[in-house]
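> Number 123 in our numbering belongs to position 123 of the sequence shown; there are no gaps in the numbering.
Treat the hints with care, since some could be wrong.
Stated by the list, open to error - Simulated pairs of lysine-lysine, DSBU-like, Cα-Cα distance not exceeding 35 Å:
1) Lys240 - Lys180
2) Lys180 - Lys145
3) Lys145 - Lys240
What the hints assert, rightly or not - Simulated DEER-style distance windows between Cβ atoms:
4) Thr76 - Pro225: 14 to 22 Å
5) Ser108 - Thr76: 16 to 24 Å
6) Pro183 - Ser85: 17 to 25 Å
7) Ala148 - Ser83: 15 to 23 Å
8) Phe250 - Ser83: 40 to 48 Å
9) Thr76 - Gly278: 45 to 53 Å
Bear in mind the hints are in silico, worked out from the structure with no lab data behind them.
For every residue, glycine included, the Cβ atom is placed at its ideal position computed from N, Cα and C.
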Amino acid sequence: MSNNFTINHLQSQARGFPHAFTEHKPFAGLRSLRIGDTGLATCTALLSWISPCTLTEVSFVFNPPPSPALLHQNLTILSTTCSPSTLRSLQIHATINEDVPSVEDTHSRTINSTSLLPLLAFRRLEHVQLTTGCLIALDDPTLEKMAAAWPRLSHLDFGTSPETVNVTSVTLACLIPLAKLCPHLNHLSIILHASSEAIETGIEGTLPNPSLESLNLGRSTIVTPGSPLIADFLFRLFPKLREFDVWNDFSDDSDDEAWAMCQAWGVVWNRYDELSGGRLRSYEYEMEFGDVATWI
Numbered sequence: 001m002s003n004n005f006t007i008n009h010l011q012s013q014a015r016g017f018p019h020a021f022t023e024h025k026p027f028a029g030l031r032s033l034r035i036g037d038t039g040l041a042t043c044t045a046l047l048s049w050i051s052p053c054t055l056t057e058v059s060f061v062f063n064p065p066p067s068p069a070l071l072h073q074n075l076t077i078l079s080t081t082c083s084p085s086t087l088r089s090l091q092i093h094a095t096i097n098e099d100v101p102s103v104e105d106t107h108s109r110t111i112n113s114t115s116l117l118p119l120l121a122f123r124r125l126e127h128v129q130l131t132t133g134c135l136i137a138l139d140d141p142t143l144e145k146m147a148a149a150w151p152r153l154s155h156l157d158f159g160t161s162p163e164t165v166n167v168t169s170v171t172l173a174c175l176i177p178l179a180k181l182c183p184h185l186n187h188l189s190i191i192l193h194a195s196s197e198a199i200e201t202g203i204e205g206t207l208p209n210p211s212l213e214s215l216n217l218g219r220s221t222i223v224t225p226g227s228p229l230i231a232d233f234l235f236r237l238f239p240k241l242r243e244f245d246v247w248n249d250f251s252d253d254s255d256d257e258a259w260a261m262c263q264a265w266g267v268v269w270n271r272y273d274e275l276s277g278g279r280l281r282s283y284e285y286e287m288e289f290g291d292v293a294t295w296i
């Protein structure tokens, strides 16, 4: 779809097919809306034009990344356009080209987690991917609300952009409601801050969630002394992981703080693998961790 797409153009096309479209409800039978290779403004315009609709799937793949204001507008229109009783799959994904500057003003790219709250109306969501190109300032209360609102969730992906660590306040505690309330959750990608202190309360009475097989924590931070306890916590919540990706794209041992985190997560990974009986799939390359067993 061309970036020159406009609502006026769509309306003129609709007038040429009076029996197929109506002025107030075009594409009345549409169930799956997938738009790629365009901007989010175009996606938002089309979504607004077809309102109201009973879509089961919405997929927007776009470039360049939108401003937080445009993303907020898109989410608001999405929540008022789509039927909350039908939408099951939502993908909002920015394809970021290599020539996009890697260092940008964090504030100008950050969207508050309250902008996501309208999505809670979609109680039947099963697949959610919000890799929007914006940095989402997530927090534990918002994740808990999502877990409660989306009991059918099987796939939740917020992306693992390293910059996200500067704006998120999510902790390991957010995994508890996801384990409790989303029994079908199979994949989770999220950046968080891990410490053993954040998991000392709240886990009592939580049954293991055997559905989660893939966990991607990117370059999440970790308080290094608590690695074994964190591994025990993850195994207690999600004992059937096969893929556990964390700091597996890091190779600069000249950054002492980052290298220490990488090593600490290596302890977590190896202990989880030991607890699970060697279920984890190894990485594609070897990474040495000093006295710690090789984390591959």
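> Confirm or reject each hint.
Outcome of the hint check:
Proposed proximity of Lys240 and Lys180 is supported: the alpha carbons are some 15 Å apart, at most 35 Å. With a C-alpha separation of about 12 Å, the suggested pairing of Lys180 with Lys145 holds against the 35 Å cut-off. For the hint pairing Lys145 with Lys240, the CA-to-CA distance comes to about 25 Å; that is within 35 Å, so the pair holds. For Thr76 paired with Pro225, a C-beta distance near 43 Å fails the hint of 14 to 22 Å.
Checked against the given bound of 16 to 24 Å, the beta carbons of Ser108 and Thr76, roughly 20 Å apart, stay inside it. Separation of Pro183 from Ser85 is about 21 Å and conforms to the stated range, judged on CB atoms against 17 to 25 Å. Ala148 and Ser83 have their C-beta atoms about 20 Å apart, which keeps the hinted 15 to 23 Å range intact. Against the hinted window of 40 to 48 Å, the Cβ-Cβ separation of Phe250 and Ser83 comes to about 43 Å, which satisfies the hint.
Distance hint for Thr76 and Gly278: a CB-CB separation of about 47 Å, consistent with the stated range 45 to 53 Å.
Hint compliance for this structure: hint 4 alone is broken.
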